[in-house]
Every structure is written in C-alpha cells, then in structure tokens.
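Participant: Chains as they are written, first to last, in this note's numbering: chain A, 1 to 318; chain B, 1 to 231.
Hints listed in this document are in silico derivations from the structure and should not be mistaken for laboratory results. Please note that a few of the clues may not be correct.
What the hints assert, rightly or not - Taking CB as the label site, the calculated pair distances span:
# : chain 1 : residue 1 : chain 2 : residue 2 : range
1 : B       : Q171      : A       : L231      : 47 to 57 Å
2 : B       : D103      : A       : A89       : 21 to 31 Å
3 : B       : D37       : A       : L60       : 19 to 29 Å
4 : B       : E44       : A       : F32       : 54 to 64 Å
5 : B       : Y61       : A       : S243      : 29 to 39 Å
6 : A       : H237      : B       : D60       : 27 to 37 Å
7 : A       : A56       : B       : Y61       : 27 to 37 Å
8 : A       : A186      : B       : V125      : 30 to 40 Å
Stated by the list, open to error - No farther apart than 27 Å at their CA atoms in a straight line, the calculated lysine-lysine pairs in the BS3-like style are these:
#  : chain 1 : residue 1 : chain 2 : residue 2
9  : A       : K136      : B       : K65
10 : A       : K136      : B       : K30
11 : B       : K2        : B       : K65
Said to hold, decoys possible - Chain B is nowhere near these chain A residues, computed Cβ spacing over 12 Å in every case:
#  : residue
12 : A53
13 : G199
14 : V277
15 : V288
Predicted model, so just to flag it, every value in this text is computed and none were measured. Where a beta carbon is used, it is the ideal one built from N, C-alpha and C, also for glycine.
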Amino acid sequence: MKPAVSIIFFTVSSGAGLGLLALVALCDTFAFGSLPAHALWRGALLGVVLVAAGLASSVLHLANPKNAWRSFSRFKTSWLSREAVFAAALFPVSGLYIVLVIQSKGGASRILLAILTCALAWAVLICTAMIYASLKPIRQWHTRWTPVNYVLLGHWSGALLLWAIACAYATRSAPFLLVAGVFGLAALAAKLAYWHSIGDDAQALTLERAIGVREGVHGPGPISAAHARLLDVGHSHGTFLTSEFGFQLAQRHARGLRGVALALGFGLPLAWLVVGVAHWQPALAAAVCCIMGLLVERWLFFAEAKHTVRLYHGDPRT
Amino acid sequence: MKLGLVIDLDTCVGCHACATACKEWNASSKVNGALSDYEPFGAEPSGVWFNRVRHYEVGDYPENKTINFPVCCMHCADADCVTVCPTGASYKRDDGIVLVDQDKCMGCNLCAWACPYGARELDQVPGTMKKCTLCVDRIYDEMLAPEDRQPACVLACPTHARMFGDFDDPQSEVSRVTAERGGFGLLPELGYAPVSRYLPPRQPQPVIDADDARALLERGLASLASPVIRR
C-alpha cells in the first residue's frame with residue numbers, strides 16, 4: 001500500500017493524543033498520581049490539539065473534501081463513519097471537561113465527563129484501527145494484532161507525554177514513569193508479535209488462486225498443479241491501481257527501517273525511562289523521539305501491506 | 001435479481017475490445033460523469049478504466065497456456081466496498097448492481113482498498129470514485145432494440161466471450177452456461193460472494209493427423225460419388 005503521509009501523520013498524532021486524553025481522564029477519575037489541575041488540563045488540551053491536528057491531516061487525504069461532512073451518515077456499517085462520529089463527539093465532551101478542570105470544579109459532572117472523554121478516546125482509537133483491520137484483501141492488516149497495536153502504541157506515546165507533563169507539574173513523577181514503562185513494554189511486545197504474525201505467509205493468497213487456476217487448467221494437455229505468471233499487464237503506463245497498491249519495499253530496507261522504528265520508537269524512550277531523570281525536557285525529548293519512531297513504524301505498516309490487486313499485476317503471493 | 005457477467009476464458013482472445021467499448025460508452029455516460037484521462041497524448045498516458053485485461057501464462061512449456069483475463073466489477077452479493085463507505089455514496093441496487101453516487105463520494109479510497117479485484121478507480125479530476133455500472137444506462141433503455149440492451153463490453157466482444165444476465169434466474173443463459181461449464185467466481189475465500197463468473201478453458205479436441213485426414217476425405221468423396229456412379 002502506498003504510504004500516504006497525511007494518513008501516517010494522522011494515525012500517529014491522533015493516536016498519541018487519544019492515548020494521552022484517555023490516560024489524563026483515567027488519572028483524574030481515579031485520583032492516580034495526584035496530578036494538580038493545571039497539569040490535568042494542560043495534558044488534556046495537548047491531547048485534543050494532537051487529535052485535531054491528526055484529523056485535519058486526514059482531511060488532506062480526501063480527494064473530494066467538500067463531501068467530508070457526509071461521512072457521519074453510515075455509522076451502522078462503516079468503521080470510518082464511526083470514527084468520524086466518535087471524533088466529532090470527543091471535541092465538545094473533552095472541551096467541556098477541560099473547562100471544568102481549569103475552573104477546578106469537582107463533583108460528579110467532572111467525573112462523568114472524564115469517563116466519557118476516556119470512553120470516546122478509546123472508541124476513536126479502536127475505530128481507526130478497525131478501518132484497517134476490517135479490510136480482508138490486505139492480509140497484513142486483517143489481523144487481530146492491528147487493533148492491539150493501535151491501542152497500545154497510542155497509549156505508549158500518550159503515556160510518555162503524560163510523564164513529561166508530570167515531570168513539569170506534579171510533585172511525584174515516578175508513578176507516571178511506571179505507567180509509561182508498562183505501556184512501552186506492552187506496545188513493544190505487540191509490535192513484535194504483529195511483525196511475527198505477518199511474516200508467516202501460510203495464509204497468503206497466490207496469483208494462481210486469484211485467477212482461478214490453482215486446481216490446474218486444460219491446455220494442450222491437462223496442466224495440473226498449475227503455476228502462473230504475468231505476461232502482460234495490459235496498460236502502457238501506471239494506473240490508479242499501480243499508484244495506490246503497487247508500492248514495493250525491498251526486504252533489506254524493511255529490515256533497516258524496522259530497526260529504526262524499534263530504536264526510536266521503543267529503545268531510546270525506554271532507555272530514558274530506565275535512566276529516569278525526572279526533568280520535563282528529557283521526558284519530552286523521549287516522547288518526541290517515540291513519536292518519530294512511530295512515524296517510521298506507521299510508514300512501514302503501509303509499505304509492508306500487500307493488497308490482493310497486486311496478484312493481478314503479477315505478484316506471485318501477497 | 002442478481003445481474004452480472006460471464007467471462008469465457010476459453011474464447012477470450014485478449015483484444016481489449018471490451019475495455020475500450022466500456023471506456024467509450026461510460027466516458028459520455030451520465031451515471032459516473034466523464035472518465036478522465038491524464039496525459040492521453042503524452043509520454044505517460046493514464047486514466048480511469050472500468051475494465052482491464054491482463055494476460056497470464058499458466059504452466060511451463062510445453063504444458064503451458066496463455067490466459068487472457070478481463071477484470072471488472074463482480075457486483076458482489078456481499079460487497080465490502082459498500083459496507084466500508086462512510087458517506088453512503090457506494091450502494092447496491094435491488095437488481096444487484098453496485099454503484100457510486102458521484103454527488104456523495106468524498107474520495108477517501110477506502111472502498112478501493114476493500115475491493116480485492118481492483119474494480120474501483122479514483123478519478124482525480126472530480127476527486128470521486130468510479131466503477132463499472134454494468135451499463136445501467138443501456139440495459140434498461142427501452143429506446144434501444146432489445147438485443148442492444150446489454151453492457152457495452154458484452155456487445156463489443158468479437159468472440160462472444162462475455163455474457164450478461166440474471167444469475168437468480170436458473171433458466172438464464174448466464175446461469176445455464178455457468179452450470180454447464182463449471183463457472184467460478186474469483187477469490188471466494190474472501191467471502192464477498194462475487195456474482196460474475198469465469199468459465200475455465202475447455203479441454204481441446206484432439207487434432208487429427210494427416211493419415212486420418214486423408215481417410216476421412218476419401219470416405220467423404222466416395223459417399224458423394226457413389227450416388228452418381230450408381231446412376
């Protein structure tokens with residue numbers, strides 16, 4: 001799949017924002033880590049800004065954005081529509097929540113809004129993941145590890161941002177370091193499991209299956225156990241299909257980029273956590289480093305995904 | 001109703017007449033609007049097509065065979081391109097035809113991602129998704145002669161490798177020929193229940209050798225000549 005910059009930025013930025021929002025709301029609800037109000041609202045506001053930036057970027061992906069408002073209309077069937085609805089609901093709810101926190105109002109309404117903010121953030125995160133996980137023609141996306149990855153990676157980058165905020169404003173930042181560490185290890189495990197699972201191509205579709213000759217065909221004599229190859233693709237230059245689905249990533253580049261994603265997205269931030277210097281500047285640097293790594297990781301999520309259309313264009317298997 | 005196509009891989013010669021006839025008809029159709037071309041006379045011509053013909057070789061010489069393989073929308077019974085569409089632009093009609101409402105599409109490409117066959121192409125000029133309409137503006141047009149109320153690709157095919165009809169009707173030509181010839185749908189394992197069917201290449205008849213041919217000819221001549229001689 002073509003790695004579209006607008007979508008890569010969207011999923012990483014709003015993933016971090018949604019993770020941060022959910023964690024802030026949870027910390028407030030359960031009074032975890034005794035974050036002061038000015039830390040809570042700053043965290044929540046940063047989360048909202050990251051989500052808004054991501055969604056703005058996602059609109060750039062649309063070829064006909066004037067109809068974007070119609071995307072609220074198929075909630076019952078479309079994960080993209082659900083994402084749009086939940087994201088649209090998230091802004092007023094989290095906005096109201098931030099106002100209550102700034103005014104230092106306590107009580108049931110603030111707790112209710114915090115819980116709603118968290119639930120909506122999770123809903124958006126899951127919907128984003130399911131847009132990809134529900135696509136059956138793309139084996140590398142149509143796996144249970146896709147939603148697990150999106151949720152954990154969002155919380156991992158969000159938890160690093162929360163740690164930076166705690167370093168700046170909270171009396172004790174150690175609990176948030178622990179939270180970030182737990183999400184970091186879980187997200188790392190999920191990412192490795194995802195890469196392991198897509199590496200097993202026993203379920204891959206083949207060109208022979210795509211053109212229906214797997215059982216053999218009649219040629220001059222019967223050709224049993226046939227294998228097929230492309231003779232001519234039928235177009236003289238690229239098409240929408242080749243530009244959208246034809247992206248080729250060399251194996252050695254994939255390995256190198258996985259290394260970069262692991263180092264920036266997990267290795268360095270986790271090392272920072274172990275060192276554990278409770279100043280907001282290195283903590284923020286760790287979060288930014290993680291987000292850079294996740295941009296590479298998300299680029300790979302697209303670049304390594306192979307759509308079945310590629311079979312018809314001559315790929316032996318996807 | 002379950003309208004769809006049958007494509008005969010035995011008789012298809014890969015001439016692309018279906019693809020060009022489709023392009024010609026649909027480029028001036030009101031259903032999708034024009035089908036844009038990019039640099040049609042330049043060094044890198046490209047554009048929107050609903051029908052693409054590719055060519056494959058199956059097996060290894062001498063046990064090999066060329067298969068010409070036209071692909072367009074299968075008008076799936078369980079069409080994920082419709083399910084994933086967030087705007088409601090993609091829809092399935094009661095007669096089985098899957099269409100895109102050009103006034104509603106926001107060009108997010110998700111339907112094209114959900115289609116395993118590559119049957120949908122984004123038109124960069126209006127920024128909307130376009131696809132085979134099964135010539136919905138031909139097949140119901142009562143101004144046309146009944147034999148012309150078929151998709152342009154079917155009418156254009158010089159080897160009659162394409163047939164159009166209702167797969168819900170067991171007596172229709174498409175249903176009968178599918179049953180007789182073991183017609184199959186593409187990638188059924190994905191669960192989209194594609195409606196259109198492909199007919200596999202037939203077992204070729206053995207070619208007679210020269211001696212057999214001479215014997216046949218002599219027998220034929222004798223049977224022709226015998227009434228004359230008897231008289």
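Participant: Next, verify each hint and record whether it holds.
Facilitator: Hints and how they fare:
{"no.": "1", "hint": "Q171(B) <-> L231(A): 47 to 57 Å", "result": "38 Å, violated"}
{"no.": "2", "hint": "D103(B) <-> A89(A): 21 to 31 Å", "result": "26 Å, holds"}
{"no.": "3", "hint": "D37(B) <-> L60(A): 19 to 29 Å", "result": "25 Å, holds"}
{"no.": "4", "hint": "E44(B) <-> F32(A): 54 to 64 Å", "result": "58 Å, holds"}
{"no.": "5", "hint": "Y61(B) <-> S243(A): 29 to 39 Å", "result": "34 Å, holds"}
{"no.": "6", "hint": "H237(A) <-> D60(B): 27 to 37 Å", "result": "30 Å, holds"}
{"no.": "7", "hint": "A56(A) <-> Y61(B): 27 to 37 Å", "result": "56 Å, violated"}
{"no.": "8", "hint": "A186(A) <-> V125(B): 30 to 40 Å", "result": "46 Å, violated"}
{"no.": "9", "hint": "K136(A) <-> K65(B)", "result": "30 Å, violated"}
{"no.": "10", "hint": "K136(A) <-> K30(B)", "result": "32 Å, violated"}
{"no.": "11", "hint": "K2(B) <-> K65(B)", "result": "32 Å, violated"}
{"no.": "12", "hint": "A53", "result": "19 Å, holds"}
{"no.": "13", "hint": "G199", "result": "21 Å, holds"}
{"no.": "14", "hint": "V277", "result": "44 Å, holds"}
{"no.": "15", "hint": "V288", "result": "29 Å, holds"}
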